[in-house]
Amino acid sequence: MASVTLHQLSKSYGNTPVLHNIDLHIEHGELVVLVGPSGCGKSTLLRVLCGLENISSGELRIDADVVNSLSPAERGIAMVFQSYALYPHMNVFKNMAFGLKIQGSSKEDIAQRVLAAAKVLHIDHLLERLPRELSGGQRQRVAIGRAIVRKPRLFLFDEPLSNLDASLRAKTRIELSRLHRDLAATMVYVTHDQVEAMTLGDKIVVLNEGHVQQAGTPLTLYQQPANRFVATFIGSPTINLLPARVLEASSSGVRLRLNDGSQVVALVDGSQLQTGESVEIGLRPEHCSVDASPVHSGSDDTAMHAEITLVEHLGESNLLYLKTDIGQELIVRGDGNAAVRLGDAVIVRAAPESVYLFRADGTAATRLRPGNMRSAHVH
Amino acid sequence: MTHTSTLALPSQRSLPRLGIAPSRVLVHLSLIGYLLLAMLPVLLVLMNSFKTRDAIFSDPLSWPTAETFSLIGYTKVMARSDVWMYFQNSFIVTVASLFFILLFGAMAAWGISEYRFAGNRWLRFFFAFGIMVPIRLGTVSILQIMVGLNLVNTLSALVLVYVAQGLPLAIMILSEFMAQVPGELKDAARCDGIDEFRIFFQVVVPLIRPAIATVAVFTMVPIWNDLWFPLILAPSEKTQTITLGIQQFVGQYATDWNAVLASLSLAIVPVVTLYALFSRQLIRGITAGAVK
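Line order of the protein sequences matches chains L and E.
Per my numbering, residue 6 is the first one in the first sequence, and the count goes up by one each step.
Per my numbering, residue 5 is the first one in the second sequence, and the count goes up by one each step.
The set of hints was computed from the structure by calculation and includes no laboratory data.
The beta carbon of each residue, even a glycine, is placed where N, CA and C say it ideally should be.
There could be a bad hint or two in this list.
[Claimed, not checked] Across the chosen pairs, the derived CB separations fall in these ranges:
| id | chain 1 | residue 1 | chain 2 | residue 2 | range |
| --- | --- | --- | --- | --- | --- |
| 1 | L | His25 | E | Phe133 | 39 to 45 Å |
| 2 | L | Thr21 | E | Thr277 | 51 to 57 Å |
| 3 | L | Gln108 | E | Ser145 | 48 to 54 Å |
| 4 | L | Gly19 | E | Phe133 | 26 to 32 Å |
| 5 | E | Gly123 | L | Gln117 | 27 to 33 Å |
Please model the complete structure; the sequences and the hints are all you need to start from.
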């Protein structure tokens, strides 16, 4: 397996830049997930890695070799496509063997490698079938099998699970994760599904408009997002953002005033902040708590008065859609009990260590105790 | 991203049998009417080719009876060895033209539909233009070129002209079908290390086989039936095609109708055979066309 290094890599179509100076390092055996909104360049980046698109400028290395001008096969890359892209007129065996045959491997070698891969993927009984005779999940496995038999240095996956139904997707996700461990393979995986990104990735790279916003472990992205974009992109439901003004700031914490007059303390490094600066605070729905019997609020907590406008029951929890006194909308994850009703007046609190703070340019202040804190409760 | 990779034509669906709608009766009636209109002349030729000369003239619309039945036309035609040569010439010209039209047409269609290059659009226009302008308009210059190339009275001259005549339509139809072959399939092949020629011959061509069969049928029939170019470019005794050869039985003062009708009937057989060979693919091309 191999490590991959992107240095100042850019790609443009004509005069339209799609990727801007991407710097990224992928370790041996690492599974890196590329996420981002549609059109952020994640699929383009994958195609550039693969060699299906030219690199406009910059350098792409696999191990120590610069591979900018090499074809996909010469790079030793295998790609699994969203639509599986199986050759419709060839049976499963031939689909998996085609690349090897062209490479000129011997018949016995081909048969042995295809059979081994088929066993790993539990498709060894399907080798004589045509792709149209297979279910979606089976086709997916054949596509993965076709990638495995070539023993590539790098695997690329382009939203491989998005054509599967929900239960199969979860199952295949776990199998992929197992496969990654068994093969000890370097993999790059593109998805727009957050759950896939969080569960599969050793490292997640968040892209937006062709720029890398942040690269890090799933937990880092969740707990210590580099900026507002990453914070809103990771986490579901989306983080609540509220405008605020800095009252006092130090390296051990920041006191802020929200627009409705309530005060919030955030345990973030405020050494860069000025008193009176306009900022935004971020509250994750799962970190807020809702007090359904409003009494006097604690002085060190966020204490916003709000009204429940919608409740969504998910079973294990519920989502409360709130509107504050000044019309600000909030989403809070409750504990799932039916203790709250539409139209209830509640008090929303968030512990200081759970508050995120973003400056006007979108950069995040470093959180001092980013570890996961208490989950939501309805009192 | 692209959806699952099927060609655009919808798959065959069985219609529910809920009585027969009047509109369908109308459709079938008009189709049957057209069939009769198209088949009657052919039937007339076949019927009369089995009759004596007198019977052809006295009652051309009746079936051959025991009295009027005669194979005189066929024996006359078969007895002449040059007729077999005419058949052979027609066959060589048709098959060779077909082969080159399909090969070059598919390759050009692949080039036009798959690769972006300067002049791509102009090349498309150029070929579309070739469909619109009848090649016969250029007969004089074609003849001059053939004279210059010393190709008059050779089968190659005919093959060259027919390839030129058939290419525009073939390229048009095939490039449409090739554009529908999912891009990810080609990308997957490229990832497998398969070069562009193999992608074309081993991945793309098998997928558009129905389209190729359709093009084959549409181009084959006019070539087989053509009288114009054989008459102008290859009228020598050795290079006549069957459509031209039949004309020998049509005289200025007397026409040997038995021989004409018999040879016409015989001339139908090879095209019908070729059509039958392609038709299995053709029907799939029209109704299914799906690759997955």
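The hints, checked one at a time:
The hinted range of 39 to 45 Å is satisfied by L:His25 and E:Phe133, whose Cβ atoms lie roughly 44 Å apart. Distance hint check for L:Thr21 and E:Thr277: the Cβ-Cβ separation is about 55 Å, which falls inside the suggested range of 51 to 57 Å. For L:Gln108 and E:Ser145, the hinted distance range of 48 to 54 Å is satisfied, since their beta carbons lie about 50 Å from each other. Take L:Gly19 and E:Phe133: their Cβ atoms lie about 29 Å apart, and the range 26 to 32 Å holds.
Between E:Gly123 and L:Gln117, the C-beta spacing of about 48 Å breaks the proposed range 27 to 33 Å.
Of the numbered hints listed earlier, the single one contradicted by the structure is hint 5.
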